[in-house]
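These protein sequence lines map, in sequence, to chains A and B.
The numbering of the first sequence is our numbering, which starts it at 1 and goes up by one.
The numbering of the second sequence is our numbering, which starts it at 1 and goes up by one.
Derived DEER-like restraints, expressed as beta-carbon distance ranges:
| hint | chain 1 | residue 1 | chain 2 | residue 2 | range |
| --- | --- | --- | --- | --- | --- |
| 1 | B | LEU19 | A | GLY73 | 15 to 25 Å |
| 2 | A | GLY52 | B | ILE305 | 34 to 44 Å |
| 3 | A | ASP316 | B | ILE291 | 47 to 57 Å |
| 4 | B | ILE15 | A | PRO111 | 57 to 67 Å |
| 5 | A | GLU182 | B | ASP49 | 19 to 29 Å |
| 6 | B | GLN254 | A | SER100 | 47 to 57 Å |
| 7 | B | VAL316 | A | LEU105 | 21 to 31 Å |
| 8 | B | PHE397 | A | LYS27 | 20 to 30 Å |
Quick caveat, the hints were computed from the structure, so don't treat them as lab data.
We put the beta carbon where it would ideally sit given N, CA and C, even for glycine.
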Amino acid sequence: MKRTAFILAILILISGVVAGCAKSEEKVVNIYTDRHYDTDQALYDKFTEESGIKVNVVKAGSDELLERLANEGEDTEADVLITSDVGRLYRAKEKELVQSFNSDLINEQVPKHLRDNENNWVALTVRARVITYALDRVDPSMLSTYEALTEPKWAGKVLVRSSSNIYNQSLLASFIALNGEEAAAEWAKGLVANMARTPEGNDRDQMKAVVAGEGDVAIVNTYYVGKLLNSSDEYEVEVGKKIGVYFPNQETTGTHINISGGALTKHGKNSESAIKLLEFLTGEEAQDDYANANYEYPVNPKVEPSDLLKSFGDFDIQEIDLSLLGEYNDEAVKIFNKVGWQ
Amino acid sequence: MKGRRISPLHVIASIIIMLILLPSLMIVIRLFQPVTESWIHIKTYLLKDYLINSITLIFLVGGVTCLLGIFFAWSLSRYKWKYTKTLEILLFLPMAIPPYIGGYVYGGIFTSFGTLHRIMLTLGLKPIKIDILSMGGAVFVFSLFLMPYVMLVTKGFFNRLPKNIEESSRLLGKSRFQTFYKIILPMSRGAIIGGVILVALEVLNDYGLVKYFGIPTFSTAIYTTWFGLSDVDGAIRLASSLMIIVIIILLVEQFFRGRGRLSQAKAVTDLGTKKVAPIGYKILFYIVGTIYLLLSLIIPVAQLIHWSTLAKDTVVLRNLDKILKNTLITAIIVTIVIIMCSIIIGNFNRLHSGIITKIYARIVIVGYSIPASIIAIAVLVFFIAADRSLGGIYGFFGLKNLFLTSSVFMLIFALTIRFMAIGYNSVESGFSKMGLKYYEASKLLGKGEWHTFTKVDLPILKPAIISAMILTFVDVLKELPLTLILRPFNFDTLATKVYTYANDEMIHEGSIYALMIIGVSTLALVFLLGFRKEKAE
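All chains, full assembly: derive it from the sequences and hints.
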């Protein structure tokens, strides 16, 4: 019996500790996010400083967060959902986990194509998926479009990571939206045929493989080119200097972009603070920080990209409704599986 | 034993088992839901190849860890070495490096322009290319960092195996190797399999390493269904079929093991002393040991240190004290709860052995076979349901609606379920070696249950309990998916910090926290092993 008493005592102790953590009333905003950057935390700190609103964060994978949100239902404490893929925002909207909001300030700060057409989410940053190439072997005039990478001249020369990567999924989803399912499947099949190796590693690894001569071109995010060029590892900087950045499809459909974006949860209790946070994050000050600290493109037209991104040059983006990337995500994954893009 | 009907032990053990099983049950129930379209898609295009990859990995990693684990366990438990304790700690430590971090480390070493490449360039050699991001590489990395599981479980068993068995065998003219092969190995089968099962389950539930290495496995199929095809139910369905297969395999194993079960009541009294190893064996041990430690500890730690120095200007060590506190408190509480539960269930199984208890014993560990994110969802669903049904009480006390769900309770519960397998396996091997003789003797002498337990059983179990504590503590320390999904607001641990950096291709920053995990594990090992020594004397 002593044992039972002992266990009970411990349970009571634990519950005491937990209860002790209950907070008093203060203005807060609670975020579920799958962006893990220290720079994001710094922005939240800045927001708290300016508004007096405390920011609480749970960081996890976006699909897990959506599932948590769905299960918590009306009782959720989360007010804002931030993901680094528009497809997840689309899913959240489909599952009615987020609500529409209206802020003149946000509408003014973010162009229309970077906002949901029913104001269910707003973009915070933009990343472009580009073709990088070996400066010593590839003349950029050889490059033109994503589609051209399936031509025979690139056989055994294309590097790209696995299809479980969300940015590959959204890239293919954009092709489904633009050219239809059949053409998209053709492209995926052609690209698999031209791969230099079975997909492995992350975006940085693809660029290193290009410089090492395993292939000539790699499909990567601009964001990781920035990371490479600013690495504290001199060898990585070396690699970064040996590759060129090419924005494909400039004459045709435009370069593929994906966004990080924020939304208001449907059952959030602090909507007012939540909107304030999104207004802050799309404002000039925060956008400047995003642009400079993390090599992402700002969404606020008043803010310039970082010097590094500017050095890659200007480019036209795909002109499609970003929500379509979410809508065709499942289809894209199925195509990848069918054509054997691991 | 009067009134053997329903003892408090019975009730408590059953409640614990029910609690542990509930989330798994919630997963298995989904098996009976209608088949979704994505399930058909997965089955058509992915399942076969992915299953083959999973099985290949399990067999190869299981084989390598088994060989190495038995070798080290035998060497440490039978022979005298200089600095035995240090050796022991060093050989355990690779366990503190999560395989996916090991994967990044070796990726970083062997990749183009990786560490090896540079060293060869500096030496004026032509860089060789080793494709580490491959099946062979995955087997290599998994084996390195999972070996200690087999060693720990097996060593506990060897330590308690009476030496007179070997002596008799030698006297009867068998060689050292024959004795080991024909007598020791068959006797230790249960413990070895116990260790290898942990390794196999660990391989099965991994997603981080196989994703980076580009080797699609069963986990990949689960996550493709969930993340790629946004079909949570389909993912859970896949997980549940996996779980059923694992249950069947484990039960079959248990059935065969049951037939060869020995009760070694004499074990503790007759340990004999450790001998000096023959010279040939010594050389072999030093060579294998050095190579293993070099690959599993020295090189990875050196690489992590190098990366940390690169990140010293960029890493933000914000709230480090809070992170350490969270990490330690979670690990300590979960370890204590798991040990208590394991002892209760283990004791229950020993006293009431039968079909049901055997099934209990296996089922307790099945949750370990499926990726943690799926368990996380099951726990979440369970807690939200619990919170909703307790809503009235919360209202009375003025608590928020999701009181349990939003507290660290949920996380601790989930971690307990998750690592029950680890702790329990070890404690159970202690119980199975112990038999009932001492227990019955004590009862015959008129001592009560509690007295018998604390004064007789517990001291005999101590080594097994310490192994269990080491395993659970280190495992909780490096645990990831559960903590990530189930944590309350603003709750970071060392492992979540490592992950969030590594996941975003910022391994340099993450390595500082990875080193801290290794550091904390070292301290825990020194503390726990020291405790064992002191009490043994």
